[in-house]
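All chains should be built: construct the whole structure from the sequences, respecting the hints.
Same order as they appear, the protein sequences are chains A and B.
Mind the numbering: the first sequence is residues 1 to 292 in this note's numbering, read in order.
Mind the numbering: the second sequence is residues 1 to 292 in this note's numbering, read in order.
Not one of these hints is a red herring.
Copies of the same chain look alike in the list, so a pair counts if it fits in one copy or across any two.
30 Å max Cα-Cα, derived BS3-like pairs, lysine-lysine: (1) Lys128 with Lys288; (2) Lys103 with Lys26; (3) Lys3 with Lys103; (4) Lys41 with Lys288; (5) Lys128 with Lys264; (6) Lys246 with Lys264; (7) Lys143 with Lys128; (8) Lys246 with Lys265; (9) Lys103 with Lys246; (10) Lys265 with Lys103; (11) Lys265 with Lys128; (12) Lys168 with Lys3; (13) Lys128 with Lys246; (14) Lys103 with Lys128; (15) Lys26 with Lys128; (16) Lys103 with Lys264; (17) Lys246 with Lys143; (18) Lys3 with Lys83; (19) Lys83 with Lys246.
Treat the hints as calculated values from the structure; they're not laboratory data.
Please read these numbers as outputs of a predicted model, since none were measured by experiment.
Protein chains: 2
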Amino acid sequence: MIKQLCIFGVGLIGGSLAMALRNAGKCEQVIGCSRNAEHLKQAQELGVIDEYTTDPVEAVRDADVIFLSVPLGAMQPILESIKDHIPEHAIITDGGSAKGCVKQAAINAFGDIPARFVLGHPIAGREKSGVSAAIDDLYQQRKVILTPVESVNGLNATDPEALATITKMWQSTGATVELLGVEEHDQILAATSHLPHILAFELVSTLSNSAVSNNVFNYAAGGFQDFTRIASSDPVMWRDICLENKDAILGMLGEFEDRLTTLKKHMVENNSDAILQSFGDAKAARDKAVIK
Amino acid sequence: MIKQLCIFGVGLIGGSLAMALRNAGKCEQVIGCSRNAEHLKQAQELGVIDEYTTDPVEAVRDADVIFLSVPLGAMQPILESIKDHIPEHAIITDGGSAKGCVKQAAINAFGDIPARFVLGHPIAGREKSGVSAAIDDLYQQRKVILTPVESVNGLNATDPEALATITKMWQSTGATVELLGVEEHDQILAATSHLPHILAFELVSTLSNSAVSNNVFNYAAGGFQDFTRIASSDPVMWRDICLENKDAILGMLGEFEDRLTTLKKHMVENNSDAILQSFGDAKAARDKAVIK
Chain A
1 MIKQLCIFGV
11 GLIGGSLAMA
21 LRNAGKCEQV
31 IGCSRNAEHL
41 KQAQELGVID
51 EYTTDPVEAV
61 RDADVIFLSV
71 PLGAMQPILE
81 SIKDHIPEHA
91 IITDGGSAKG
101 CVKQAAINAF
111 GDIPARFVLG
121 HPIAGREKSG
131 VSAAIDDLYQ
141 QRKVILTPVE
151 SVNGLNATDP
161 EALATITKMW
171 QSTGATVELL
181 GVEEHDQILA
191 ATSHLPHILA
201 FELVSTLSNS
211 AVSNNVFNYA
221 AGGFQDFTRI
231 ASSDPVMWRD
241 ICLENKDAIL
251 GMLGEFEDRL
261 TTLKKHMVEN
271 NSDAILQSFG
281 DAKAARDKAV
291 IK
Chain B
1 MIKQLCIFGV
11 GLIGGSLAMA
21 LRNAGKCEQV
31 IGCSRNAEHL
41 KQAQELGVID
51 EYTTDPVEAV
61 RDADVIFLSV
71 PLGAMQPILE
81 SIKDHIPEHA
91 IITDGGSAKG
101 CVKQAAINAF
111 GDIPARFVLG
121 HPIAGREKSG
131 VSAAIDDLYQ
141 QRKVILTPVE
151 SVNGLNATDP
161 EALATITKMW
171 QSTGATVELL
181 GVEEHDQILA
191 ATSHLPHILA
201 FELVSTLSNS
211 AVSNNVFNYA
221 AGGFQDFTRI
231 ASSDPVMWRD
241 ICLENKDAIL
251 GMLGEFEDRL
261 TTLKKHMVEN
271 NSDAILQSFG
281 DAKAARDKAV
291 IK
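Now the structure itself:
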């Protein structure tokens, strides 16, 4: 049972966590904090949080768990503002889409990542954002990845008791918790999430800037709607992901661009067999991945 | 009322047309033709077609409407095999995903595109293919694009009566019929359909060939499933589209690659404002397109 949960950034991810924990009877009180009092008021009216404040110091004063669900670029300023005010027993955790940058933000703010800081990432989302999109079953049957750090050169390792508490917290929302290394997480998510989002944003941009037709979207079929759904995601969040997981994303983008170059070569050379082989392999991989 | 409809390639597209026309009481008899007698037998057992033959000449003997729903690369061989056996009153039409190449296939086979050949493309599909995926409401509230040709240098223009018949045929399936020029169609579809399919195939290939993780697909969220659904489409059909609408697709791929290059530059330069602007514009365009 968490007596007081403090959430920085009460949007889809933070709001859905609060709702799920309350539903499961695992949380007594939720305090919301952000720079925007209007958003916090809305979250309170929706019953997602009990109290709110725009003062980070006040927000964490009696917290047992502090959950950061803000865009990646906002992590370090928040950590700096609360670092001297966190109760000794409190656990910090986050929901950021990349983990190396949050670890670095903690090191920048604290000099080292605190032992009771559990880096985490719920693999869940909707194309809608904001607290009005929060739902109590967002994490049901989803994966949450936690990336505990090991002690290197005398630096802190993640406290096992803090890791166990955050693991149980996520499990009580209906999620499955898996552990990965920080770098491994960032590589995998660059591939499965960050690259697809970038392609969707850039595809829509290509079409809306193309000379092809003023009304090109009128001729888009159902597949197009599915394919571009993620281009309706929050631009600020995705801008930050591009900048904060840059190396892994640039690596995956490079691999993707190499494949496009190969395909173009096959097309120009009328290499029918090579194109068929490539598309057939992709279909097989996709069909297999989805059956899982 | 079509007395006898002859369908070449009784799969998702052709099978669904037969089912919709029969449901609407607009077709008396359906003859199926393909090289694969097993597929035809299955289509007959499913009640999609009445009779079948693997002989193209026999298939068209008493046809009123001949519908070609085969991969683009198979159009010309079929047209060559039936060209001297088409009843004078019969109308030929097709469901090919690109139109310039089908027009060219007709010119290659007949010396000119016959006046009673109505080029067409139903903007509908499912990631499943084959006659077992055919459904009678596939075309309900979908667009069907017809691309009649005008007389140039004494060549045939599309017969208005044939165009009217095929328009009514599609309308009776619940579809809305729109007219576009051949080239305009091919440009628009390269943007809205062909490019997204290629990106989906190549994204899945990138992931399944990446060194990132053996089980990278295990960490894919819902957005990824949506984004890659179209990578389960028929590889033969898409191989043919890549080859037969090559110029338009290479043009769109080039525009897309230019955007990726710009994004990478912004990422490397930490140009936060430019990335946010670009993603924000994409989200706005996508949200607007979908409301339509």
